[in-house]
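These protein sequences, in sequence, are chains V and Z. Each residue of the first sequence is one higher than the one before, starting from 1 at the first, in this note's numbering. Each residue of the second sequence is one higher than the one before, starting from 1 at the first, in this note's numbering.
Since the hints were made in silico from the structure, they are not lab data. Please read these numbers as outputs of a predicted model, since none were measured by experiment. Heads up, a few of these hints could be off.
No distinction is drawn between identical chains; accordingly, a pair holds when it is met within one copy or between any pair of copies.
[Stated by the list, open to error] Derived BS3-like pairs: lysine-lysine, alpha-carbon spacing no greater than 27 Å straight-line: (1) Lys196 with Lys106; (2) Lys268 with Lys106; (3) Lys268 with Lys137; (4) Lys137 with Lys106; (5) Lys106 with Lys287.
For reference, the chains in residue letters:
Protein chains: 2
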Amino acid sequence: MPNGAQTLIRTLVERGVEVCFANPGTSEMHFVAALDDVPEMRAVLCLFEGVATGAADGYARMTGRPACTLLHLGPGLANGLANLHNARRAGTPIVNIVGDHALHHKPLDAPLESDIDALAGTVSGWVRRTTDAADLKVDVTLAVIAASGSPGAVATLILPADVSWSEPGPSATAIAMVHDSGPGAVSAQAVTAAAKALRSGETAAILLGGAATHEAGLRAASRIAEATGANLLCETFPARLERGGDLPEVERLGYLADFASAQLDGVKHLILAGARSPVTFFAYPGKRGDLVPEGCEARELATGSEDAAAALARLADEVAPGSVASDSATGEVAADAVTPAAVTRAPRPQRPTGSLTAESASQAIGALLPAGAIVVDEANTSGLWLPGATANAPRHDWLTLTGGAIGQGLPVATGAAVACPGRPVVCLEADGSAMYTFQALWTQAREGLDVTTVVFNNSSYAILNLELQQVGASAAGERARQLLDLSRPGLDFVALATGMGVPATRATTAEEFTAQFERALAEPGPHLIDCVVPPIF
Amino acid sequence: MPNGAQTLIRTLVERGVEVCFANPGTSEMHFVAALDDVPEMRAVLCLFEGVATGAADGYARMTGRPACTLLHLGPGLANGLANLHNARRAGTPIVNIVGDHALHHKPLDAPLESDIDALAGTVSGWVRRTTDAADLKVDVTLAVIAASGSPGAVATLILPADVSWSEPGPSATAIAMVHDSGPGAVSAQAVTAAAKALRSGETAAILLGGAATHEAGLRAASRIAEATGANLLCETFPARLERGGDLPEVERLGYLADFASAQLDGVKHLILAGARSPVTFFAYPGKRGDLVPEGCEARELATGSEDAAAALARLADEVAPGSVASDSATGEVAADAVTPAAVTRAPRPQRPTGSLTAESASQAIGALLPAGAIVVDEANTSGLWLPGATANAPRHDWLTLTGGAIGQGLPVATGAAVACPGRPVVCLEADGSAMYTFQALWTQAREGLDVTTVVFNNSSYAILNLELQQVGASAAGERARQLLDLSRPGLDFVALATGMGVPATRATTAEEFTAQFERALAEPGPHLIDCVVPPIF
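With these hints in hand, go ahead and build the complete structure from the sequences.
The structure is reproduced here in structure tokens:
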């Protein structure tokens with residue numbers, strides 16, 4: 001008779017959850033012991049919970065299917081919350097398993113007792129505590145379904161230790177074989193209204209978000225833009241933007257309020273396809289937070305829970321009936337042959353020479369980015385030139401910092417590499433952000449993951465130097481500036497990576513960086529480059 | 001006219017809060033800018049919020065006064081929660097300042113928006129969001145008072161960015177000059193009842209906790225134990241246990257349920273002085289969680305909010321009127337001269353030779369621990385021999401993992417060193433726990449803190465090997481054991497420390513460790529020793 005933990009893992013596997021990013025403790029020892037009974041579940045050990053949750057996010061962004069986590073009580077969940085916050089903003093499916101004290105132990109208020117439900121509620125679309133092992137099969141099934149909605153969600157299952165170690169009796173509840181009903185249907189009314197706006201003769205823009213940043217949505221949106229002259233934009237921080245190769249290019253809405261306002265200036269109709277109405281990341285004294293221009297009407301073609309790509313396709317058929325989408329199933333470029341969307345791509349950047357800067361490093365990345373790369377971008381200020389430099393690279397995916405909680409890049413890269421063992425992962429990291437969840441490198445070494453990490457080491461929280469100006473705190477003195485400085489002492493990322501088993505090099509010229517980046521891509525397994533650049537602010 | 005941030009910092013300083021452990025973001029930039037206007041506030045930059053909160057815990061454990069933190073929105077608070085959990089369990093005063101979006105920005109649900117109040121509620125004794133800069137002076141005052149109660153608490157002040165940047169109008173509320181009323185009075189009834197139990201002729205034990213583990217409580221408890229034959233114990237994980245020199249020795253209640261049960265076996269009267277009734281850390285199949293033996297009566301002499309040391313002194317006067325406490329103000333050993341408590345101390349351990357093990361390393365630490373040391377103990381399984389080896393060392397403080405959320409040691413050591421610049425700090429760390437908040441080393445290097453960190457590097461989560469047996473999951477196979485293994489790849493703590501500017505060495509023999517430990521203590525500033533030992537489980 002299997003115990004609760006064995007039942008749990010077996011049910012997860014039956015529901016397609018085959019990877020567990022884990023940092024277990026005592027209350028999760030039966031789960032750990034049960035791994036030998038269900039070899040189909042791959043357990044990946046992480047040295048910190050923020051690595052586990054971020055890896056689960058990266059895994060699901062690439063597979064579309066949830067991984068599970070295994071976290072130790074309230075503090076373990078707390079350590080993983082920041083990256084669950086990012087996952088929530090990305091609409092990522094995750095089955096988040098949090099061990100708890102045995103039910104009879106909770107009233108004793110032992111030292112590790114805390115309010116797991118309150119913590120879980122802040123990031124989860126679904127939370128349940130299983131109190132009887134007989135309910136485990138149902139609860140796990142419901143968790144997987146809750147995670148796998150449209151959009152995906154964090155589904156947190158709280159697992160008391162005694163439920164894990166008990167042998168389930170017969171289930172009282174019949175398992176409802178409920179499946180996710182898929183995204184909401186396309187609204188014909190919304191399509192008609194969007195078409196009318198596009199035909200109004202007034203300036204229009206389409207803002208893509210969620211699943212509309214994948215191939216089908218991009219191609220449909222491109223047909224619309226070609227036919228109507230609408231501007232094509234996507235949300236500032238897409239969970240997964242498909243790019244490069246023959247895909248239509250889409251400009252991301254700027255992070256800086258002034259830049260985003262300029263992109264939307266004069267727009268009278270803003271059509272939201274899977275994206276939310278745009279707002280600034282932060283408030284600034286005397287500036288509007290709502291980025292929709294005065295006099296502009298923002299209308300939803302499809303919400304985040306509807307099928308934005310299908311809605312775009314319907315809208316394209318309405319406003320551009322003559323155009324043909326490329327065959328996304330085969331990846332062939334049918335559209336390019338018959339529509340004006342066939343873009344003559346600018347050449348990729350040359351290999352840079354001379355000074356190593358954020359700009360020249362970006363050129364090297366653009367010059368060398370391999371086909372099929374998964375790019376995880378937490379480069380922050382140093383990433384300014386990356387979109388331009390890589391726009392003409394071969395087909396790749398671009399994963400961004402969806403929720404603004406830094407420390408996401410290295411873990412997401414780790415999970416993406418677990419998800420896609422045949423594809424090169426390129427992780428572009430800011431130094432300050434890298435130090436949040438640096439422990440991810442150890443898991444990359446342990447699992448032999450093909451991740452090339454570039455740390456843009458500018459010895460500062462450069463974005464905060466900028467923000468210090470933005471919020472009007474411009475008269476900042478020496479003590480304030482010291483709080484944004486990472487140069488005393490400097491961080492030696494070569495030593496840090498080496499300490500966790502990841503081969504690493506330091507680049508101080510563009511030539512060194514280019515050579516090191518090329519070599520890291522050519523060799524399997526993880527590598528890190530300490531890319532020493534001046535701050536751009 | 002000062003703005004909100006300047007008013008905030010000025011008020012903190014006026015209330016005795018003079019250190020801020022910070023990891024700020026955009027919404028905290030006015031706080032950062034205001035640091036130059038209030039030079040009495042010392043800001044200490046941390047590379048991760050868990051370092052900031054743990055450092056605030058260590059600082060207040062040593063000074064008795066709160067430091068403040070500065071955290072960035074919900075995700076920043078989330079990253080700091082695990083060590084706030086430990087601080088809550090320690091009864092540590094902390095003024096926890098969490099920046100938030102401007103009030104008018106919150107309804108926009110920008111990417112970093114999350115439920116800060118829910119997160120804060122899980123660790124805080126007091127939570128307030130200031131919504132008008134005119135209220136800041138009052139709210140900050142109340143936060144400091146709420147933090148500084150008996151016992152101390154985490155008081156969380158949520159600070160919207162626009163409150164920070166506004167200039168406060170006249171305060172609507174008069175500032176109530178409320179001061180902490182101090183710990184609750186001693187209950188004469190509880191003293192009488194405890195005295196009666198001690199005189200019953202049945203086996204009795206006194207369990208010390210909270211402030212009763214400081215000198216006055218220890219000396220009073222020792223008088224009682226000498227006079228009545230009661231066993232003297234203290235809680236398993238004291239926030240700050242004063243030890244060594246001429247202080248009475250007190251045995252800590254064991255972490256392992258079987259060990260703790262043996263310590264309490266046969267006790268008929270358990271007198272709780274500032275300690276809670278003892279329970280096991282975790283539940284184990286078929287074992288009781290309540291450690292109070294069947295037939296034993298646990299009675300509170302003083303709760304955690306009462307003055308346990310005063311209650312013990314009253315009880316000592318009742319049951320041992322002839323004994324005299326030593327003069328704790330001068331540190332002279334008056335009591336030892338006149339009471340049987342004058343213990344002939346065993347000699348300190350010799351410097352060890354031969355194999356480097358947790359036991360021989362502990363001997364070296366016991367042999368060399370300097371007078372006035374602050375020992376931060378997160379050595380976990382490798383710490384088994386530490387209490388014995390250091391019992392006869394010169395006077396020192398021992399700070400432990402109060403809440404069980406690992407990743408506490410390096411941050412607490414950092415804060416303790418900021419609090420006590422003249423005292424050597426010795427941080428005894430397990431390898432797995434060290435990797436949670438390793439970023440603390442950078443702050444130690446930056447601030448030139450005199451911390452000697454010993455990482456017991458046994459390449460495993462050794463305690464989980466033990467717990468895997470304890471919970472009955474004894475048939476664990478290879479895949480389970482791999483999840484507790486840290487040897488693939490091994491962690492090179494010398495490289496990791498060097499990467500953050502902390503000089504480090506590796507010891508593989510007892511002689512090497514002893515020489516390195518002695519040298520690290522002799523040199524100012526931070527040092528780390530990668531102490532390679534076999535796991536004890």
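Status of the hints after comparison with the structure:
1. Lys196 with Lys106: The answer is neither: 60 Å in one copy and 33 Å across copies each exceed 27 Å.
2. Lys268 with Lys106: So Lys268 and Lys106 pass the 27 Å test across copies only (26 Å; inside, 57 Å).
3. Lys268 with Lys137: neither (52 Å within a copy, 46 Å between copies)
4. Lys137 with Lys106: within (23 Å within a copy, 39 Å between copies)
5. Lys106 with Lys287: The answer is between: 14 Å across copies meets 27 Å, while 49 Å in one copy does not.
In terms of the numbered hints stated before, the structure departs from hints 1 and 3, listed from lowest to highest.
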